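Undergrad: Using the sequences and the hints given, assemble the complete structure.
Number of protein chains: 2
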Amino acid sequence: MKYIESKKNDEIKQLKKLASTKYIRKTGTYMVEGFHLVREADEYEQDFVQVLVTEKYAEDRLVKKYHDIAVTVSEDVAKELSETKTPQGIFAVLKVNNTESLSELTGQWVMLDDVQDPGNVGTIVRTADAAGYDGIITSLDSADFYQPKVQRSMQGSQFHLPIYRMDIHKAIDLAKESELTIYGSEVNEQAKPYNELEKIDNYALVMGNEAHGVTQDVLNACDENIYIPILGKAESLNVAVAAGVLMYGLQTL
Amino acid sequence: MKYIESKKNDEIKQLKKLASTKYIRKTGTYMVEGFHLVREADEYEQDFVQVLVTEKYAEDRLVKKYHDIAVTVSEDVAKELSETKTPQGIFAVLKVNNTESLSELTGQWVMLDDVQDPGNVGTIVRTADAAGYDGIITSLDSADFYQPKVQRSMQGSQFHLPIYRMDIHKAIDLAKESELTIYGSEVNEQAKPYNELEKIDNYALVMGNEAHGVTQDVLNACDENIYIPILGKAESLNVAVAAGVLMYGLQTL
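Same order as they appear, the protein sequences are chains G and E. Count along the first sequence from 1, add 1, and you get the number used in my numbering. Count along the second sequence from 1, add 1, and you get the number used in my numbering.
Where hints are given, some of them may not hold.
Simulated restraints, written as ranges between beta carbons of each label pair [unchecked claim]:
#, chain 1, residue 1, chain 2, residue 2, range
1, G, Glu197, E, Leu198, 14 to 22 Å
2, E, Glu60, G, Asp11, 55 to 63 Å
3, G, Glu76, E, Lys86, 29 to 37 Å
4, G, Asp11, E, Glu56, 47 to 55 Å
5, G, Asp11, E, Lys27, 31 to 39 Å
6, G, Ala212, E, Ile231, 25 to 33 Å
7, E, Tyr24, G, Asp224, 51 to 59 Å
8, E, Met2, G, Glu197, 51 to 59 Å
9, G, Glu211, E, Arg26, 26 to 34 Å
10, G, Glu211, E, Asp61, 21 to 29 Å
11, E, Ile231, G, Glu12, 34 to 42 Å
12, G, Glu76, E, Asp43, 50 to 58 Å
Below, computed lysine-lysine pairings styled on DSBU-like, alpha-carbon distance capped at 35 Å [stated by the list, open to error]:
#, chain 1, residue 1, chain 2, residue 2
13, E, Lys96, G, Lys177
14, E, Lys23, G, Lys234
15, G, Lys80, E, Lys65
16, E, Lys65, G, Lys86
17, G, Lys234, E, Lys96
18, E, Lys65, E, Lys150
19, G, Lys8, E, Lys86
20, G, Lys17, E, Lys65
21, G, Lys193, E, Lys193
22, E, Lys65, G, Lys234
23, G, Lys14, G, Lys66
24, E, Lys27, E, Lys14
25, G, Lys171, E, Lys193
26, E, Lys200, G, Lys193
27, G, Lys200, E, Lys14
To give an idea of the chain G side of the interface with chain E (calculated C-beta under 8 Å), a few residues [claimed, not checked]:
#, residue
28, Leu82
29, Tyr134
30, Gly136
31, Val188
32, Lys234
33, Leu238
To be clear, the hints were calculated from the coordinates, so they are not data collected in a lab. These numbers come from a predicted model, not from an experiment. Just so you know, even glycine gets a beta-carbon here, dropped at the ideal spot from N, CA and C.
TA: Here you go:
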C-alpha cells in the first residue's frame, strides 16, 4: 500500500480541498471520516474512489476489501484531513450520488427552498431519514449536502435515502406531475395548522430559508400552506426543529 | 454620558469575561446584544445593570430611559464586545433571573439532564417557548443558559418563560411533589411511542445528554418512558429536534 507521510503532499493538498463545495462539485467526489461512516458507505454500496487510513488500521478487514484503492497516511496527515480534533484515522473518498435526473416522486418528500445553514440541512436529512421519508430535494442555493458541516449533522443518512439538488421550481413541477400534494410551510396564522390536516400518503413538504421562509412564488405553487401554531411567545422556530415537528406531525396524523 | 474609546479599558475587559459561564455565575449578570433583545429585556422588565451603545444610538429613546446606567463606546469597543461580525452597537448587562428556589411546578415543564451543546439548549428553550411550556429546568452540568452561544439560539425566550438550573434529582423530586407526570425520553423501542399517550395537562418532559441520553437513575424515577418511533434507518435524532417533536407531539395529542 502506498504511504503518505507529509501533509504537504500534493495529493493531500487536493483532498483538503474537498472541504469546499466548489471542489466537491468540480470533482463529483466527497470525503467521509470515521469507522461508522466508512462502514455504512460500504454496507450501502457507495462508489468508493479512495480509502485513507493511518498505519494502525492498515490490516483492518474493511480496509483490505478496498486494498486496490487504499493508502496509508501518517498521523500528521490524518490530522490535516480531519474535521475533528482527535481523528480516528480512517477516511473514504466517495462519488457524489444521484446526479442523474429524477423522473417521478412517490411517497413523502422534503424540499428545501434555500436552507443555508449546513447544520440545519444536515439535521433535516437525518430527521427525514428517522421519520421514514422517501427522499429530499434541495434548491440550488441551499447548503450543499456533501460539505463537511452538513455531513457531521447528517450522520450517514445520505446513505439511507436519496438526496437530490435541483432548481426548486423544477422540483415543484416534478411533484405536481407525480401527483404529490405539496405543503408549503409558513410562519403565518392564516395558513392551516399542520395538526388539522388529513393524513395522506403522497406529499412533498417544503421548508424555507432561515430568515425569509419559503419564497412567495413557491408558496403560491403549493397545494396547501401549513403552519405550526405558536402556543407561547416565541416569534418562530429554528427551521430544523420546525421541519422535525412537521415531518413527524404529518407522519403520525 | 461616559464614553469609552479603547477596547483595552478595564471595564471593557471585565465585560468581555461575561462570555464565560464562570464569570456569569460569579457576577450574577450576563450580556445581551442587539436592539431586538435589549428592547425585549426592557419590555419584560428585566433588571438592567448597564447599557452600552455606540454614539449613533446615544439619543435613542430606549437608551435615554436607561440614561443613569448608559455608557457610549467606540465602534472598536462594540466590535470587541460583540459576538457578531457586524455589531448593531447596543448591549445591555442584565441580572441573571430565577436564582431563588422553586417551590412548586404547574403545567408543562421541560427538564434537561446534561444537554451540553449550547445550540441545543438554546434551541430547546426557544421551542419550549413556542410550544407554550410553563418553564425549563436544566441540570447543573447542562450548558449554561446565559452564555453567548445559548443566547444566540434562545432568541430572547429567556424573557418569556422561567428558566432554572438545579440538581436534576431535586428537579424530579419537585415534579413528583407537584404531582406532575414525569416522561423520560429514550431511544428505546421498549418505551412507549409518544403519539400513543393520552393528553394530560401537568407533566415534565426529561431530555438527555447528546451522547448518553437520560441517565438511568433519572429514567427509573420517571412515571413513563417514551420514545419517538424511528420509521426509517437513522439511529437517532438530534436532541433539539427530538425535544421539538415531543413537545409539540404532547401538546397536540
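Undergrad: State the violated hints by number, sorted upward, taking the hints as numbered earlier in the document.
TA: Result: hints 5, 13, 15, 16, 20, 25, 27, 28, 30, 31 break, sorted rising.
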